Structures are given as C-alpha cells and as structure tokens.
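Chains A, B and C supply the protein sequences, listed in that same order.
Using the working numbering, the first residue of the first sequence is number 1, and each one after it goes up by one.
Using the working numbering, the first residue of the second sequence is number 1001, and each one after it goes up by one.
Using the working numbering, the first residue of the third sequence is number 2001, and each one after it goes up by one.
A couple of the hints might just be wrong.
Straight-line distance between alpha carbons at most 25 angstroms, and here's what the computed DSS-like set of lysine-lysine pairs gives [said to hold, decoys possible]:
1. C:Lys2088 x B:Lys1279
2. B:Lys1205 x C:Lys2086
3. A:Lys387 x A:Lys370
FYI, nobody ran anything at the bench for these hints, they're computed from the structure.
None of these values were measured; they are calculated from a predicted model.
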Amino acid sequence: MSSQDSQDIVTATTAIESAPDAKTRRYDRQLRLWAATGQSALESSRVLVISASATSSSILKNLVLPGIGHFTILDHAKVSHSDAGNNFFLEGSDSIGKYRSEEAVRLLSELNDGVEGRANTRTLEDILESQPEWITSFTIVIAHNLDHSLLHKLSALLWKDSRYPPLVAVRSAGFLADFYIQFHEHTIIESHSETSPSLRIDKPFPALRELALSLEYDKMDPTEHGHIPYVVILVRALEDWKKSHGNSLPKSYDERQQFKKGILALKMKGDEENFDEAEAQAYRCWTETKIPSEIAVLFSDPALSTDTLNTSTSPFFHLLAALKEFAAQSEIHTLPLTSTLPDMKSDTQNYIQLQRLYKARAEEEKQAFKSYLQVPVDDAMVDSFIKNAHALVVLRGKTWGAFDEDKGALAESLSTMPKETCIHLALSALSLLQASDTSVSPSAESIRAKMQSIVGQSIKLPDEADDAIGEIARAPFSELPNTAAFLGGMVAQEVIKMITKQYVPVKGYCVIDLIETWTGTIGA
Amino acid sequence: MATENGSATSSDWQDRYYHVDQILDRPGPRTDPSFLAGDEVKDFLRNKCKILVIGAGGLGCEILANLALTGFKDIHVIDMDTIDISNLNRQFLFRPADVGRPKAIVAAEYVMKRVPGIKVTPYYGKIQDKGDDYYLQFNLVICGLDSVEARRWINATLVNLVDPENPESLKPLIDGGTEGFKGQARVILPTVSSCYECSLDMLNKPTTFPICTIANTPRLPEHCIEWASVLEWPRARGDEKLDTDDPEHIGWLYSIAAARAKEFKIEGVTWSLTQGVVKNVIPAIASTNAIIAAACCNEAFKIATSSAAYLNNYFMLIGTEGVYSYTFEHEKRDHCPVCGGEALEMSISREWTVEQLMELLTEKQNIQIKKPSLATPENPIYFQQPPQLEEAMRPNLEKKVSELVPDGGEITVTASSLPFSLSLIITYV
Amino acid sequence: MIKIWSMKKNEDAAAKRRPKTSAAQIRVQKDLTELDLPSTMKTNFPDPSDLLNFTLTITPDEGMYMGGAFTFSFTINTNYPHEPPKVKCMQTIYHPNVDLEGNVCLNILREDWKPVLNLNSVMVGLQYLFLEPNADDPLNKEAAEELRKNREQFLYNVKTSMRGGHIKGVTYNKVLV
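Just chain A, with the same shape it has in the complex (with noise of 0.2 angstroms):
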C-alpha cells in the first residue's frame, strides 16, 4: 500500500470525505466492480493490438473506455473501401487511403483524455525479426484474423519466457468466432467467488465458544431473546447437543432433523427470525470447516516446492506457502479467519460485539500466518489475500495452436461438444487456406478436406460440421459489425480480468455463434 492509499483510508474513517473527483465520479461504475486496485493495474497496463480491423478496434474502445494506461495498434494496411465501411473508428470515406492505425488511434483516442495511443505502421514481420523485444515489452497482446504463419511466429515467441505478455488470438468469419487466451500462469487472489469464507461454527474459536456458552436464555426477555445472532445460538446450540451425544455432531438424517428442532423449540414466540435464520444455516454445524478442495490441490503446486520458491517468485506464491504452512501447523486444519461476518437478526450491540470477535481473532491467526512468509509482503495483499483465501485460482494454459496439434483432445471435444468443436476447426481451417492462397474464397469442400486432415482422417467430422462449413464458406472473409462488436466486449472483458487479476478468465478457445446466439468453450 502507498502512503497515500494508507493516508487515504485514515482520513475515510475519521474524517468525512468530500464529494468524489471527476476522475473517481468517471469510473464510478466500473469501480464498483474492480475497486482502486483493478483501476490501478489497468491505468499501468501496455496493450499491443494487432491489425485495426473493426473488431480490434471495438475491443480497443472497451479497454480505452475503462482507462488502461497506453495502446498501440501496429498495422501498416491503407484504409479500404470496406474497412471505411464497418470500422465505428474510421470517418467514412474521409479515411479511405489513410493508415488504418493511424486513423484509428486518433479516433480512438478522443475517447478518453488519461489514455496514451500510438500508431505504429511496420509489418508484424519485420518486426518480429529485428525487434522482438519491443513485442515483449507490452503488458498483453490482442491480434485479430491474424495471417496462420505469423500468428504461429507470435506465439512462439511470447511462449518463450513465461515473463512474456499473454497473447489473445482472435478469428472470425461472418457470424461465427472464436478466441484463445495464450499465457504460461495466472494467478489471481480478488476472483471474486460468490462462495463465502467458514464462519467456524463447528470449530468455534475460545472467545466465541465462551460467548455462546454464556448464553441464558431463560433470564432473557423477549426482545433480548429474539436478537441473539443465529451465529451464537448454532454454537451453543451444537456444544449443548455433543455434550448430551458423547461428543459427536448430529449425523443422520434423523439426528439432524432433531437437532433442528430443538434449534426451533427454544423459541420463546413464534415469530423469532434470529432462530429461524438458525434452523435455516444449522447445516453449517455439520459441514466441516477443511481446506476446500480446490486449494488444498494448490497446496501441492510446483511453484511452492523449496528450490523453486525464492525471492524473485511472485509474491503470490509466497503466500501460498504461508497458507500452507498455516493449515499445517493450525490445530484445527483451516484457512484463516476472516473477519467478514454476513448480516444476521440481531440488535446492534449483540452483533458488533460479534463482529469485534471475529476481527480480533481474524488479527491473531492472520498475524500467526504472516510469521510462516518468507519474503515481505505488503499488508493490504496479505488481507485481501486471507480474505479470499478460499477462493484463490491458479490458472496454467497452453501455447495457442497446442489443441489443434492433440488428436486425442479434438476427437473427444467433437464428440461432447461437435457444434463449438466445429466451428473452432472450420475457423482453423479457413485461416490455414487462407495462408496458403488468399485470392480464391475456400469452398466448403475445401474447408472439409482442410477440417478433416487437422483431426485425422480416422476421425468421421460430426453432422454438427455441415452449419460450420457453410457458414464460413458462405462468408470467409465477412466481419459483419455486430460480430466485431460482440467480439470486442468479450475480448476486452477476458483482457480486463488478465490485467486486474480479478475475476477468473476464460481457459481453452471461447467458441460464439451469433446465429443461434450461444458461446462455449472448449480445448481447456
């Protein structure tokens, strides 16, 4: 945290703020969803676009809008009739002859004053043999129905080095699409999972069991009775129950049915919510509070391996160590407290003092978990990394072209998802003839014959191959507006989430269909 941030944040809580700034009241809307920290990374982000074909530039204007920090569209093509005809980026006719980059960068710009674009005219090849590092230098790079051979060429080289930038190949052809997020690792903390943390109420920490065992209910009066937090009433309600049961939770059905009911026969009137609210989550009592799942698989990543982690790994995995080290040693086997307790029936007193609870224990076992990292980290990652700790996602993927090389992996994906296989493969098809002859429009013989020798000839194409090919041999070179435009916000919405960290991008090539109007994915 900067001190500026930090300043920031003393001054919310003890002072009244005044009326946001323009910039703040610009991004208001977006800030809801990515908070300061997300418009940060966005503000300090480099994109390279390749080609300013009507799709690059509508997913340009999506990432122009928000305020990604600079742009760069490299094309050396002449504005055409018929680019000056579907490009919202290109004044009409006025364009015509003009650099498709150049024109397109100044349009663009105009969008928002806080963004930095450029033009740059050279070929993508002659770039790639003499100036590979200046591709590299990019925070990501987007290309559009890219040439077969030099979008191969692309790939390879931001495969290289796994501190290279992401590579987002984007095909289409009239109404069908696909696109491919190509990056070694991604890591993300904020992935803003609607699943909620534990509140431990199987495996009550001290303070908390002490205040549920403290409970008198019958020296209660009414109102005080009917705004005990459902939270403390579980508890109490689950030490009472393995008192009288030798110690065990309720395990049978039946077990448990009973154990609801005596959770609703401590009503002292019908309409107490705060122990309906109880009988409602009494589940919670009896799922377990573990490492989920998902991350306990992390906890075996790699990355965390003792001569792989050091001190130039990302902070990430640092604490993903930690994590691990604190489940080990914790005596219970858990994730840390956080401190986010959920909205309840209660009077306010009775819920602050719970919610004070759980902060001080989230401090304790938080400060517990700083002592197994190794490295420093800063404190807001740390936080926001323990509240979210349920819901890391460490993402791997492949180089881009890797499922077209997999027969094993295309034969299963036609026979689970023939459409979106399909379509993918007739994409793939029609950008290998292309490279081989862009003069003639392929037939759909040809795109069969092309679809089939990716797959291998023992594979029988799917009925579902018939609409794919038709589709792009009626119209292989078309990029319809609307195509480019549904194209662009998927594409710059995966491209926010890569650069945030926030959110969880798609993995393997999203397939869209603008006929039937679906998306899927596939190749994952």
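Fit chains B and C to the given chain A structure using the hints.
Chains B and C alone, transformed into the frame defined by chain A:
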C-alpha cells in the same frame, strides 16, 4: 438518391457494405428458405426498414453505432435522460463537454456525423409521451433500458398493438440488459412468444432492509445510509424531493449516515456506498454493454433480413468466472396479464344495460363467470368489492353499456373464478 | 423481414386484440374486487375512478386499540406488483410499529414483498399490528420500551394518545370514534 434497384444511395461508396453483403448475397445452412438473397433484401434494410431504439445510454450508444454500420438508415431513438459524468466510462458517443445535454440528441448527432448517409431521429422525452401511431411506424424495436417499469410499459404497448386484421402491427421487440459482467438479450415476438411480463418473477429484487432494523438495530453501513435517506430526509427536509444526482443531497445523506455509523460503531459508510445505496447504482462497463448491444443488433439484422436463424429466445451471459452463457427458450406464461389470458369479442345491442351484460357473463355456457367485476381502461364500471366502490358504482348497473363503452371498446373482467382476467371487445349491433 | 405472422396463424388464443389496460391496473382491479375485508376495515376512494390512490380505515373491535379509527394512505404505482404499495399512517399515533411520521414497520411492505402477495395481505397485516403490536422490532422505540417494561403504563398511554393527549411532549391525533 436511390439507384434503379434501390440498393445504393449517393453516400454509399463502392464496397461500403462489402462485409454485410457477403451475408445478404447468399443463404447459409441455417437460413430460412424464404430468404431472398440480393438486392431486394438490401433495399429493404437500407431504404425501407425503420427501427426504434429505446434508450441512448450504455446499451443505446452501442446499439446506435452497430445499427448504423450494419446498414439500417432510418433509426429513431428515445431517451429522457441527460448526460452525467459517470456515463463517460462506457457511453462512448459522449464527451466531457456534453455533460448536461440530452443523450438522445447528442448520440444522434454523433452517429450521423461518423456514419455518413444515416438518419437518426432523436426524441428527448419519455416513451410514454408517444402513442400507438408513433410505435406503429417502426418495423422493429430495440430496448436498452435500465428500468423495469419502462420495459413493462413498452412490452405491454407492443403486445397491445397487435391487431389481428393487420400483420404489420406485430413489431418484434429485442430487449437487452446488463449488470456488471452479466447481461441478457432476448427476442420477444409480441403475442407469439414469451413477453417481458411473462418473466417478471425471474427478476432479482433490489435489496431492501426492514424499516425497524434501519430505525433501531443497524448493523451494516447500508442500514445507516437508509436511515438517512428513508427516515431522516423527510424528517429534516420536509417535502423537498431527494435528488440522487445532486451532490449536495448525497453529501447531506452521507454526513448523516456517517454520524449514525459512528454512534453505533459501524464501519464502512463512504460517499461511494451512500450514492450506491440511495441511487441503487448498478455497476456498468463498456465491454458487457458491447456484448449485449451487439447481440441485440445482430438479432435485429437477422430478423430484418431473414438472412439467418434468430435467437429463440433468451441469451444469458455471466462473465465473472470464465465465459458462461445459456441460451434457452423462455416459455410463454398462460396467465400472463399482458400477453396471456383471453380476449372475447362480444356483439350486443346498444340498448343493453350493464346488468344484462353481467347476467350474460354469468350464464353463458362457455363463460360462466361468477361475480364479475368490470372496468374500461379509463374507468371502473362495476366492482363487486370493496363495499364503498360497489355502492358508488351500483347506479352504473342500470346504465346502457353503450353509454360507457365506445363501439370496439374494451372491458376488463376480473373474478375470483378467473385465473387472471378476461378482456371483452364490445361491438354493437 | 421474417414472416412472423405465419407463425401466428397457428396460435388461436393469440389472435385476439389485447386490452389497453396496463398490467398494474388489471392487477389492482383484481386485488380490489377480490378483497375480503372484515367489518373492522373500510376503504375510501376520494376519486372512485382513480384506483391507485385510496385510504384504509381500521377500527379494531378488540385489543388495546379498540375504539380507535386508524387511517392509512395507499399509493400504488404503475410498477405494481413488482413494487409494493406505499402505505403510510395518516395520523400521529402511539404505536410501537408506527413512527411519528407515519412510517409503518410491516415486513411485507418492504423486504418481504413478493408479487404473489396482494392488497388483501397488506391490509390484514396492518390490522394485525393493532391486535398484536410487536415490541421487539419497534419503530417507535419509546412506545415499545413501555410495552415491554410497563404494560399498564403502555395501555394508559395508548388511551391517552387515542383521546388526542400528549405523551412526553408529543401531541397525538384524536382517533376515537
């Protein structure tokens, strides 16, 4: 100026529609056999088709740009809002200098300037300002709205517009909506497929808190904010209307909420949260709007040209964890108050009284409604309950139906024995 | 354009013209005409052709509020039943669940409103507040406190308030019939 086959005008440079024409020059495998490839469909799209866009906000800006590039040349747009600075992160037809100006007008100007030869006609006002004649002039309607109420209104209006005598009266309605990384697009063919009202119970309700919690047992920062806006505002500011766009108002609520939070030792009241709660702010980003608007415009294009199968009838997208989408057919609801129920044509004598009509409804073999209550769209005629209304309307029983209902006019009948309601179209013999 | 009309031909029920009446209006008509109110509740429509604005008077025939007549305003907007009706008490009354501004604490008027509920459920809910005032989740905290701690005093206060008397500096409206 139209050329001989009507498919090109002076602003159309050669190859302007190179990309779209690849689709319009030949059918694909999933194209309906009725599709007539070539000049006729291009002429319809570019010179005849008239399309209405409702909303010039996050979705609306995208929709207008897409339609213009696709080749729709007669576009109308309605929006009652003016531009706010918080729109600029996604409503890409607006610049900081436009803040305060009407969205519909600025958006129309921008699209016409950028895409030559397109006519965009703006209307700065409410959809409710316009009547049937206005809506009847369009071939298609696309909605990019953020209000349930406005959607219900336009949906009901388009369903009501359907006239069995006039096939042109059926206007496809394409509706889009977004929230953060999530969105949906759907195609409604009024009276044919499921309408907006059919799916009303699928909607999420905005979070509300019990008023006694707000008053007495606040636990969350939101409770403190609602205390300020729901209880303290009217107490302290009297009849002054709370304007959630006025920074002074938000500032006032924020300071009241912050003081209350301090008193109760609750953390987390911020300016941004205050604004979020009182305005019910929905997160919104350019990319989601782009996806949903493109899906809507793509349906409009396919429906207008028959060039490919169209969405049947609901596309839902969730982009928070990977890309998850679900395309399904939302079923029409039998007793939908807008598109369901039944309509009966009844021919009666001009001399008939309301009482006679009611007797007929009660006794007629195929109707047999017990204790019907009757109203015209403007006025109640006779209500069985509550007693005060029953008494007030009792004199109507003696009146002639023809004094209360014009020829071809409608009567809504409700009764506990009816699942929802029955409408009568009254004609006189 | 696609030929939607040809699809329509097969749909007999859909071939009739729809009424111009809004969904909210039909729903209010249905709710009102199916009201089943006891003699202790009466509606009043200042303008019988405006079904969206009316009042309800409750005259409890038992309980501690017996003898009073309590009037609530109902305002229904065109988004009904997606949104609940807005209900306010029109008098200043001494009641744990009604504040001095006339706000009413009834769950189905806010957080628990569902479109399947109707005007009858709201009215019955309001009447219940007079039979069983809830002291545990109050809006008027002082009244609730009194009800909990000193029932006798509370009953006395209710009577005083219903006569139009003062309690702790507040003047209440006379509601006795």
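Hint-by-hint comparison with the structure:
{"no.": "1", "hint": "C:Lys2088 x B:Lys1279", "result": "holds, 22 angstroms"}
{"no.": "2", "hint": "B:Lys1205 x C:Lys2086", "result": "holds, 16 angstroms"}
{"no.": "3", "hint": "A:Lys387 x A:Lys370", "result": "holds, 14 angstroms"}
Checked against the numbered hints above, the structure violates none of them.
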